[in-house]
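All chains, please: the whole structure from these sequences, using the hints.
Start counting the sequence shown at 8; every next residue gets the next number (our numbering).
Hint data in this document are derived by calculation from the structure and do not stem from the laboratory.
Hints may contain errors.
Said to hold, decoys possible - Using C-beta positions, here's what the derived DEER-type ranges look like:
| no. | residue 1 | residue 2 | range |
| --- | --- | --- | --- |
| 1 | C70 | G128 | 48 to 54 Å |
| 2 | D165 | E58 | 43 to 49 Å |
| 3 | S161 | N52 | 41 to 47 Å |
| 4 | K241 | I192 | 31 to 37 Å |
Said to hold, decoys possible - With a Cα cut of at most 30 Å, we get these calculated DSS-like pairs of lysine-lysine:
| no. | residue 1 | residue 2 |
| --- | --- | --- |
| 5 | K23 | K296 |
| 6 | K23 | K110 |
| 7 | K103 | K23 |
Ideal Cβ placement from N, Cα and C applies to all residues, glycine included.
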Amino acid sequence: MIDKNTVFIFGAGVSKPYGYPTGIELLRGIRDNTASGYFNQVLHNYGFPQELLKKFSNDLSECQLPSIDIFLENRPKYIDLGKICICAYLLKTENKGRLLNDKSQEEGIYQNLYTSLIDEGGWKSFGENNVSFITFNYDRSLEYYLYTALKATSGESDKIIFDLISNIHIIHVYGSLPTGDNLIIPHLSYGFFSNLINLENNKELIIEISKEIEIFSEGEDYSNEFNEANILLKNAERIYFLGFGYHEVNLRRLKILELEYYDRKLPAKYYHGTGKLKEKRAFRGNAYKMGLVKTEYIQYRYKLFLPNSTMTDARFIKDFLV
Numbered sequence: 008m009i010d011k012n013t014v015f016i017f018g019a020g021v022s023k024p025y026g027y028p029t030g031i032e033l034l035r036g037i038r039d040n041t042a043s044g045y046f047n048q049v050l051h052n053y054g055f056p057q058e059l060l061k062k063f064s065n066d067l068s069e070c071q072l073p074s075i076d077i078f079l080e081n082r083p084k085y086i087d088l089g090k091i092c093i094c095a096y097l098l099k100t101e102n103k104g105r106l107l108n109d110k111s112q113e114e115g116i117y118q119n120l121y122t123s124l125i126d127e128g129g130w131k132s133f134g135e136n137n138v139s140f141i142t143f144n145y146d147r148s149l150e151y152y153l154y155t156a157l158k159a160t161s162g163e164s165d166k167i168i169f170d171l172i173s174n175i176h177i178i179h180v181y182g183s184l185p186t187g188d189n190l191i192i193p194h195l196s197y198g199f200f201s202n203l204i205n206l207e208n209n210k211e212l213i214i215e216i217s218k219e220i221e222i223f224s225e226g227e228d229y230s231n232e233f234n235e236a237n238i239l240l241k242n243a244e245r246i247y248f249l250g251f252g253y254h255e256v257n258l259r260r261l262k263i264l265e266l267e268y269y270d271r272k273l274p275a276k277y278y279h280g281t282g283k284l285k286e287k288r289a290f291r292g293n294a295y296k297m298g299l300v301k302t303e304y305i306q307y308r309y310k311l312f313l314p315n316s317t318m319t320d321a322r323f324i325k326d327f328l329v
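The structure is reproduced here in C-alpha cells:
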C-alpha cells in the first residue's frame, strides 16, 4: 500500500510498452494512414474530402514537429479532423493481449505499481491508497489494467471493482477516451475498435468521443482538470514524473515552479548534520533517452531530480517507489 501522499504524472512513454505510440509515433502513424489505405477510407466515409486528407497528411510530413498536438495548436483549421484522427487511431491501437502479456509486464510500470497498491492490505484496501495520477495521455490503458487486475484478483462484481477504482484520483488533463464502466460496455469496450470495421460503422460515436479530447490551444491554463491537478500537487509528499517529455506549456499549467521543493540554497537549518538537504517533498522524474542539455536544464530550472537517461520507467518504479 502507498501511505505517503504520492502523485504520479504520466506522459506518453508510460503507455509505450502496452502498444501505444509516443508523441512523434502518433504523428507519423496518422500521417501515413490518412493519405491512403483503409484508415483513409474510414475518414473519407466520415465526410472528409480526399483532398483535405492528403493535404493534412502532407503538412504533417513537412511540419517537422515532435507531436500532432503541437501541430494542431499551430493549425487550428485541422483541429476537428486531428481530434478524430487521434481518437480513432488510439482506439484501433487498443489490444488486451498487449496490455497484459509478459513482455509488457517486464517493460512497463503497471504490474509493479499494482503490486505496490495491494501488497499489504490486499485488494479490499485498494481504494485506501494515498495516491493520485495526473496523466497527459488520452488512452485508457491505466484504467483498464486496474479493472482487469482487480477483477481477476478479487472475483468480485464489476460494480465493486469500479467503486474501488473511483476512490483513486485519475485526472486526464487533456481529456480521454471513455473510462469508468464504459470500459466494458460492448460498443465502447477496450479493444472493440481494434477491428477497423467497427470504426467505420460508428461514425457518430467516434465524432462524439473526439469532443472529449482537448488540444493545447483549446485547453486553458486554469481548467477544472488543471485546477484539480494543482491542488493534488500542492498537497503531495512525493511527485514522480514518468514517460514525460517536460513540455514547457505542460509544466507551466501544472504550476511546477510554484511548488515547494528542496533548494540547494536553503539555510543550514535544513541540513541534518550530514551535508545533505532536508527535502520538503520527494520531487523526482525520469529522463529516459532525453538529451544531456535538456536534462540539465529541467533539473536546474525546476529543481527536479532526474536519474541518467538510460533508466527506464520500469527501473525507476523499482528503485524509487517504496
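Each hint tested on the structure:
A C-beta distance of roughly 49 Å is found between C70 and G128, which places it inside the suggested range of 48 to 54 Å. Taken as a hint, the range 43 to 49 Å holds for the pair D165 and E58, whose Cβ atoms sit roughly 46 Å apart. Here the CB-CB span from S161 to N52 is close to 42 Å, well matched to the stated 41 to 47 Å. In this structure the supplied range 31 to 37 Å holds for K241 paired with I192, their Cβ-Cβ distance being about 36 Å.
The hinted pair formed by K23 and K296 meets the criterion: a straight-line CA distance of about 14 Å does not exceed 30 Å. The hinted pair formed by K23 and K110 meets the criterion: a straight-line CA distance of about 12 Å does not exceed 30 Å. Distance restraint check for K103 and K23: the Cα-Cα separation of roughly 14 Å lies within the 30 Å cut-off, and the hinted pair is therefore satisfied.
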